[in-house]
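So the protein lines, in turn, are chains A and B.
In short: position in the first sequence from 1, add 8, done, that's the numbering used here.
In short: position in the second sequence from 1, add 56, done, that's the numbering used here.
Read the hints as simulated data drawn from the structure, not as lab findings.
Source: prediction; values computed, not measured.
Treat the hints with care, as some may be off.
[As the list claims (entries may be wrong)] Only part of the chain A face toward chain B is listed, based on derived beta-carbon distances under 8 Å:
hint: 1; residue: 132
hint: 2; residue: 146
hint: 3; residue: 149
hint: 4; residue: 156
hint: 5; residue: 176
hint: 6; residue: 178
hint: 7; residue: 198
hint: 8; residue: 202
hint: 9; residue: 252
hint: 10; residue: 263
hint: 11; residue: 267
[What the hints assert, rightly or not] Covered stretches of chain A (chain B as the covering partner; in silico rule of three or more C-beta atoms under 8 Å from a C-beta of chain B):
hint: 12; segment: 137-145
hint: 13; segment: 385-392
[What the hints assert, rightly or not] The calculated label-pair distances, taken between Cβ atoms and stated as ranges, are:
hint: 14; chain 1: B; residue 1: 138; chain 2: A; residue 2: 277; range: 17 to 25 Å
hint: 15; chain 1: A; residue 1: 282; chain 2: B; residue 2: 140; range: 26 to 34 Å
hint: 16; chain 1: A; residue 1: 207; chain 2: B; residue 2: 166; range: 16 to 24 Å
hint: 17; chain 1: B; residue 1: 167; chain 2: A; residue 2: 35; range: 45 to 53 Å
Ideal placement from N, C-alpha and C gives every residue a C-beta, glycine not left out.
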Amino acid sequence: MSLSSSLGHGLQATLAALRESCSGLSDRRFETVDLTTWIGHTEGVDDVVLPDALRHFNCRNNRLAWLALQQDGLMEKFVAARARHGAGRIGVFLGTSTSGILETEQAFRRRDDNGNLPPDFNYRETHNTYSIADFVRHALQLEGPAVVVSTACSSSAKVFGNAQRMIAAGFIDAAIVGGVDSLCLTTLYGFHSLQLLSAEPCKPYDASRNGLSIGEAAAFILLERADTHAAKNDDVLLLGVGESADAHHMSAPHPEGLGARIAMRTALQRADLQASDIDYINLHGTATPSNDAAEAQAVAAEFGMGTPCSSTKGATGHTLGAAGGAEAIISSLCLKHGLIPGGLNVDQLDPALQVNYQLTNSDAPVRHILSNSFGFGGTNCSLVLGRRGEH
Amino acid sequence: MAQEDMQTRNTVYLLGIGAAGPGFADWPTLAAILREEQPWSRAATQIPALQVLPAAERRRIGVVVKLALAVGLEAARHADRDPAQIASVFSASNAEGENCHALCDALSGEDRFISPTRFHNSVHNASSGYWSIATGCMAPSTSLCAFDASFAAGFLEAATQVASSGEDCLLVVHDSAYPHPLGTVRPLLDNMAIALVLSAHPAANAMARLDISLSADVPSSAAPSGLAALQGGTPSGRAMPLLHAVALGLETSLDLEYLAPLSLHIGVGPCR
Numbered sequence: 009m010s011l012s013s014s015l016g017h018g019l020q021a022t023l024a025a026l027r028e029s030c031s032g033l034s035d036r037r038f039e040t041v042d043l044t045t046w047i048g049h050t051e052g053v054d055d056v057v058l059p060d061a062l063r064h065f066n067c068r069n070n071r072l073a074w075l076a077l078q079q080d081g082l083m084e085k086f087v088a089a090r091a092r093h094g095a096g097r098i099g100v101f102l103g104t105s106t107s108g109i110l111e112t113e114q115a116f117r118r119r120d121d122n123g124n125l126p127p128d129f130n131y132r133e134t135h136n137t138y139s140i141a142d143f144v145r146h147a148l149q150l151e152g153p154a155v156v157v158s159t160a161c162s163s164s165a166k167v168f169g170n171a172q173r174m175i176a177a178g179f180i181d182a183a184i185v186g187g188v189d190s191l192c193l194t195t196l197y198g199f200h201s202l203q204l205l206s207a208e209p210c211k212p213y214d215a216s217r218n219g220l221s222i223g224e225a226a227a228f229i230l231l232e233r234a235d236t237h238a239a240k241n242d243d244v245l246l247l248g249v250g251e252s253a254d255a256h257h258m259s260a261p262h263p264e265g266l267g268a269r270i271a272m273r274t275a276l277q278r279a280d281l282q283a284s285d286i287d288y289i290n291l292h293g294t295a296t297p298s299n300d301a302a303e304a305q306a307v308a309a310e311f312g313m314g315t316p317c318s319s320t321k322g323a324t325g326h327t328l329g330a331a332g333g334a335e336a337i338i339s340s341l342c343l344k345h346g347l348i349p350g351g352l353n354v355d356q357l358d359p360a361l362q363v364n365y366q367l368t369n370s371d372a373p374v375r376h377i378l379s380n381s382f383g384f385g386g387t388n389c390s391l392v393l394g395r396r397g398e399h
Numbered sequence: 057m058a059q060e061d062m063q064t065r066n067t068v069y070l071l072g073i074g075a076a077g078p079g080f081a082d083w084p085t086l087a088a089i090l091r092e093e094q095p096w097s098r099a100a101t102q103i104p105a106l107q108v109l110p111a112a113e114r115r116r117i118g119v120v121v122k123l124a125l126a127v128g129l130e131a132a133r134h135a136d137r138d139p140a141q142i143a144s145v146f147s148a149s150n151a152e153g154e155n156c157h158a159l160c161d162a163l164s165g166e167d168r169f170i171s172p173t174r175f176h177n178s179v180h181n182a183s184s185g186y187w188s189i190a191t192g193c194m195a196p197s198t199s200l201c202a203f204d205a206s207f208a209a210g211f212l213e214a215a216t217q218v219a220s221s222g223e224d225c226l227l228v229v230h231d232s233a234y235p236h237p238l239g240t241v242r243p244l245l246d247n248m249a250i251a252l253v254l255s256a257h258p259a260a261n262a263m264a265r266l267d268i269s270l271s272a273d274v275p276s277s278a279a280p281s282g283l284a285a286l287q288g289g290t291p292s293g294r295a296m297p298l299l300h301a302v303a304l305g306l307e308t309s310l311d312l313e314y315l316a317p318l319s320l321h322i323g324v325g326p327c328r
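If we strip away everything but chain B, and leave its shape as in the complex, we get:
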């Protein structure tokens, strides 16, 4: 039975990537780090300046929503896809950490006035909601959580969406570091976000073919090994083995951390 379980396989094509985190502000920079063309330095994540959303809305959104929108737009641009037309999957271990702290702090006192903006920004799907408002996209958008497995869980959902609809799907996985004291019980390296555009079809600009199955193998470690802190310190960083293979154009197979005893097995190959 176990043998049969492991053989269900789905294929998607990777059309574009967006990335922002500590020491890198876009995918070309992270790709150069992964190819060891430049060293990784753990500089604090730079928060991008957004061109989307009205100015009043832009002032109200949190750091992680800005990161999520920026990497989503970068991936769509890289994939040459219109962000207004594409279904999306957002996945994260938690929504905006600062916002959650501020609400819990306010609710712990006698005067429990909380700001309505803080409340509606506290929802796990804030990034998904602001994405659809910023892009005008009315296609389905979801918002997932699987703690440290949030990358693999989001990837699996995006891949099954592509398989069932035959349409492209944007995946955005984002991390938001909590301030103290939640940051002490749930430490994350920094704010970070990774976006991929997946397609059912090997378009001319496709970067790689990805064959997905579930496995019982141990998750692959990061290469180069200097990025272990990035991979282990953030849920979106669990994507590093895949991003490494894509950055180097490798034909290989790897296992991403998912939910024990399962790993997400990905065969990475050329598109044609």
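The following block holds chain A by itself, in its conformation from the complex:
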């Protein structure tokens, strides 16, 4: 697995940033955006030159994906998996919300007098939501099933369920899962229009939280059958996936977090674990007033006030369709290294949020982690991850 985000490139940089409680958020400008806001900008994306064979995929989202593929020997590991399983037996299941739409936003400024887009604009390989899976499938010369899940901010958590089902059904033996989302005007101005974008660094679970900070990330994980893969003791296991719908509102969570409760409970059931078995909850924690209030109610109802929890979005920003994958990787690092990360940017915890929110890092054995991802449209997904040594 590997992760590129505003915290840096690769697992080592990510872990170091978590250990040092560093945030990747900054008030730097992005493109022509004239909003007062903080962003989780990933360094180096503009400098990427894709190989000739992949040049038609060139857009910010795929360049960011390419950067992550170069970290931690990921390309080599994926190529080795292809040799092990066969190109047709590895699936590609990735999440994104806006794909390469920045290309289209910029191309619209370059329309000619008849309103035509410029001839160098390539819709299919950049704007289309499938682009990121197509890109990875081509980059690795894979010939198996592939799909993009685009359920807003739960996208790259839900892909773990797709991969698990396809493996269980016997269509594949392994899968590349994760998600990629990159900065664009649609989400910055869009969240601003909903008054959900903070003018400061986002403050998850703070009493004065006033919105999210948008980040960008590319997260990739190789998922293989636990029974056939050459097992190592430090492997991270996917133990349970829980999904639900709120059936409430397009852009506001169920006020009591009912859908979130169903997702968390289902993930625990699938993992055959009790709430008390979870050592840390990586919260969705976007820092919008309504998300954190609804999520805290749901967590308190399912877990009580004891289970340590935090949101890592104060460090990464909200990476939207990449958040589920990015936070699964952060959770895996916490499992491997016995780290419970404190949430950043909190001046005063919101006393109305009755959960055991962690403000500082602590070292402790971590056996099981639950990670939450919720999105527009009332889509919810919870993952339970664990260490092989515990099973």
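Fit chain B to the supplied structure of chain A, relying on the hints for placement.
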């Protein structure tokens, strides 16, 4: 190895169908066209009047969400299933085309005010979200994209959901045509949507048994051949060979367009 690859097979039962697109407003009409009982005429897709969702919400949703809800409800009714109780898979090459155009147009100017409703309606999973709000269904619902392979990819996901949960699953595949200029670089025939209810069990009302595997065969062409424009002009239209076999009650096998070099091979047979 290749031989072994092709032999993984899953079976699901088809319980109901919903359809709306150019020249047909429901599944019985499309079935009659597929049986060549009536000719297909390429009349513009009629947007259905919905009875679900509060009036204020109904006014805010786009054309393709209306189509998706209508075919989903038709398929659930046809399958005799409660839409509030069924998991769902939505799949599309893109969300509402008009809405995407309006956002990109607004963001290309100096005044970048965009409407919050336009923004939350722009998400790929708008149809899935409105479906759960309209039906009150809290079961898992997902939203997929595989460009022109969006039907086969959605079908495969719905079938593996049925296999893993043992519960029924609704599949809705929908297309939304873009206005110019995106419509010029990504032309689609028209707005269209196809819905299927799949089950693990051969219920009394099941229409067909579907045996699914991956193949390296060339995708089947449309029959009747007059529907080639429908099949080639929309991602949901890639379902035509399957819908044709079901409409005629054929016992056959066919290949749907998926991701080269793969096709989705479906054996269509009687339920008992």
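Right, here's what the structure says about each hint:
1. 132: Since the shortest Cβ distance to chain B is 6 Å, the answer is holds.
2. 146: Violated - the Cβ of residue 146 of chain A stays beyond 8 Å from chain B, reaching only about 11 Å at its closest.
3. 149: Violated. Min distance 11 Å.
4. 156: 5 Å, holds
5. 176: Because about 6 Å separates residue 176 of chain A from the closest Cβ in chain B, which is inside the 8 Å limit, the hint holds.
6. 178: Holds, because the Cβ-Cβ distance from residue 178 of chain A to chain B comes to roughly 4 Å (cut-off 8 Å).
7. 198: 3 Å, holds
8. 202: 5 Å, holds
9. 252: With a minimum Cβ separation of about 6 Å from chain B (threshold 8 Å), the hint on residue 252 of chain A holds.
10. 263: Hint violated; residue 263 of chain A Cβ to chain B Cβ min 14 Å, cut 8 Å.
11. 267: 6 Å, holds
12. 137-145: It holds: at least three residues are needed, and the segment 137-145 of chain A offers 5 whose Cβ sits within less than 8 Å of chain B.
13. 385-392: With 3 residues closer than 8 Å to chain B, the segment 385-392 of chain A meets the three-residue bar; holds.
14. B:138 x A:277: 17 to 25 Å: 23 Å, holds
15. A:282 x B:140: 26 to 34 Å: 30 Å, holds
16. A:207 x B:166: 16 to 24 Å: 21 Å, holds
17. B:167 x A:35: 45 to 53 Å: The hinted range 45 to 53 Å is violated for residue 167 of chain B and residue 35 of chain A, with Cβ atoms some 23 Å apart.
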